[in-house]
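> Spelled out, the chains give:
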Amino acid sequence: MAERLLEVNDLKVRFATEDGIVRAVDGISFELERGKVLGIVGESGSGKSVTAMTLMGLTRGVNAGFEGEVLYKGTDLLKVSDRAMQGYRGNELGMIFQDPMTSLNPVYRIGEQIVEAIQSHERVDKRTARSRTIELLRQVGIPNPETRVDDFPHQFSGGMRQRAMIAMALSCNPSVLIADEPTTALDVTIQAQIVELVSRLKDDFDSAVIFITHDLGVIADIADEIIVMYAGRVVERGTKRDVFYDPQMPYTWGLLGSIPRLDRPRPERLHTIEGMPPSLINPPEGCKFRPRCPHAFEKCKQEPGLENRVETPGHLDRCWLDVEFKRDHRDETISGGSVEAA
Amino acid sequence: MGAYIIRRIFGMLLVLLAVSFIVYLIFIVIPGGDPAQRIAGKVATPQNVAAIKHRLGLDQSFIVQWYDLVKSLFTAKLVSYYDGTNVVNQIKQGLPATFSLAIGAGIIWMGFGILVGTISAVTAGRFSDRVITAFALIGISMPVAWLGLILRYFLAGEGGAVSWFPDGGYVAFTSNPAQWFYHLLLPWFTLAVLFIGFYGRVLRSNILDTINEDFVRTAKAKGLSTRRILVKHVLRASLIPIVTLFGLDFASVLGGGAIITESVYNLHGVGWYAWQSIGTQDLPPLMGVTLFGAMFIVVFTLLVDLAYAYLDPRIRLT
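So the protein lines, in turn, are chains Z and C.
Position 257 (the first sequence) corresponds to 257 in the working numbering; numbering is contiguous.
Position 283 (the second sequence) corresponds to 283 in the working numbering; numbering is contiguous.
For reference, chain Z alone in the conformation it holds in the complex:
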């Protein structure tokens, strides 16, 4: 069995705001082993980015409160001091962000920014750090890294900036790479390249990846395990196979139905999930997805637990509906309203 790098147990994150307490993450648990890719999926406001930022200690602040555990190689990162956390960031856990256009400092050269990351964790001189930076840029596929290392961010295209961000995140060889919607701001063709790059570098650097996205299609190739989040909670969790071929949560169906697919008959329109995500200050009672769920019934007013309801062990969901009923009806959502008989 591979080394267990991360173990998150019932993590809860809440923020005090003027309008009340926001329960941004309301109980999430997972484990991550070396060499694995965990996908976290959900729409905006589902708590996936807050989860990622909390692992990095980036949500700390006077208005933030945490419960649960984030065990990195056995150390609870929630209890580590701010100063000690600096030693983990970048060094043990690397992170890349959604918008490469704004995530790099516009006034420093690409190389300087990566050298800065290396020198903040390792005692190496500038020359060594620089040649390592050039090597990193080569590994992430930047052409002519010897000259491009002295470019400013605005001289890079969006895809190249994201590659540079990946090089920076990997510069100290972290064990865990957290990618928070790294492809959202990029063209579709570049998206595929970035996903492929992350997947390849994960093996080169022998690390594990947490890949956060709202688009299940993006992680279809690389994820080993998938967590679907809704309103700060995990609503479905299973292997990629479980989630794609036997999804148990109507919310997951909605996500699957919103991806255009080539391997299925083409629906008239892609599926949209009606309504808006619920308020995290006053969430609805019972199942949080109930107000938007087309199949909601009486029992949904009670809170469903995250349990194993199907034959496959480890495939968990939060839905009261009968498993056979779901298997009969989910294709209406996943394949679109009016399916031509295939």
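For the record, the hints were derived by calculation from the structure and aren't laboratory data.
Errors might be hidden in some of the hints.
Derived DEER-like restraints, expressed as beta-carbon distance ranges [claimed, not checked]:
(1) Z:S44 x C:I26: 55 to 63 Å
(2) Z:E69 x C:I103: 57 to 65 Å
(3) C:P241 x Z:S44: 27 to 35 Å
(4) Z:M276 x C:G111: 44 to 52 Å
(5) C:G111 x Z:P291: 55 to 63 Å
(6) Z:S44 x C:T318: 38 to 46 Å
Since the model is a prediction, treat every value here as computed from it, not as a measurement.
For glycine and all other residues, C-beta sits at the position ideal for the given N, C-alpha and C.
Place chain C on chain Z using the hints.
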């Protein structure tokens, strides 16, 4: 870059010409501006006035008058209508006092402005931020003339509560550096207070904006120390707009713009000269000091643009 600077210098000359034209125009159209009438005195005959007009060239067309004036200014031959002193010489004599005041005050206001702005942003919402904000608003609201007089009255000379400071006047740096410093302390402070408050407020909001930038989050995610993030990433970006403010404010004070401070503390600089000349409605010195001030503004505008291109590599000078 070279072509850019040459083009800008041509533009600057045009601006200066336009300024001289407007100053002249204003002087001609304001009531009581006719210098011949004033020189001739209260009981002047029309012939008397006409003779003075002719001597000063005021009977010629507007354009010719303006041209003669500007030409004599640039050839350093322009003299005051009032006492016949050479304008360029008078401005030169005012330079040491004006430059001493401007440079000292500039260092003080930039240094303290950055300091209070940073402290206030870092402790935003807490006690120190509130205290600084209150003082900054008081500083911005106090008229310089009032503050200068109050400080001079209470802290300097005879008749005040204490006489810790000399009662106005300027001592040349070359004759006695210690006295030079001592005499300038109150004027520096008086002039700097407004700017400290203002720069502090601007910097505070710049820093608070920058702290939420994505690249600052990236810097944190790299594992940099809080101090390094603040100085290298946040402050660097936040100071860029301050450079513009400083360039223009400093140019204005260097060019004799601190008229009130120089007058209140009896510093015989360029601003003081301007104040004297306004009192006697003396056109040639006013033209001289206005163009002198405008020259600093246009030169520093160019310097600010060059500094901007250096500080922010995204900016191209074209």
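> Now, for every hint given, state plainly whether the structure supports it.
Structure-based check of each hint:
The hint said 55 to 63 Å for the Cβ distance between S44 of chain Z and I26 of chain C, and at roughly 59 Å that hint holds. The hint said 57 to 65 Å for the Cβ distance between E69 of chain Z and I103 of chain C, and at roughly 59 Å that hint holds. For the pair P241 of chain C and S44 of chain Z, the supplied restraint of 27 to 35 Å holds, since their beta-carbon distance comes to about 32 Å. Between M276 of chain Z and G111 of chain C, the C-beta spacing of about 50 Å keeps the proposed range 44 to 52 Å intact.
Taken as a hint, the range 55 to 63 Å holds for the pair G111 of chain C and P291 of chain Z, whose Cβ atoms sit roughly 58 Å apart. Separated by about 40 Å at the C-beta atoms, S44 of chain Z and T318 of chain C satisfy the suggested range of 38 to 46 Å.
The structure fails none of the hints (numbered hints given earlier).
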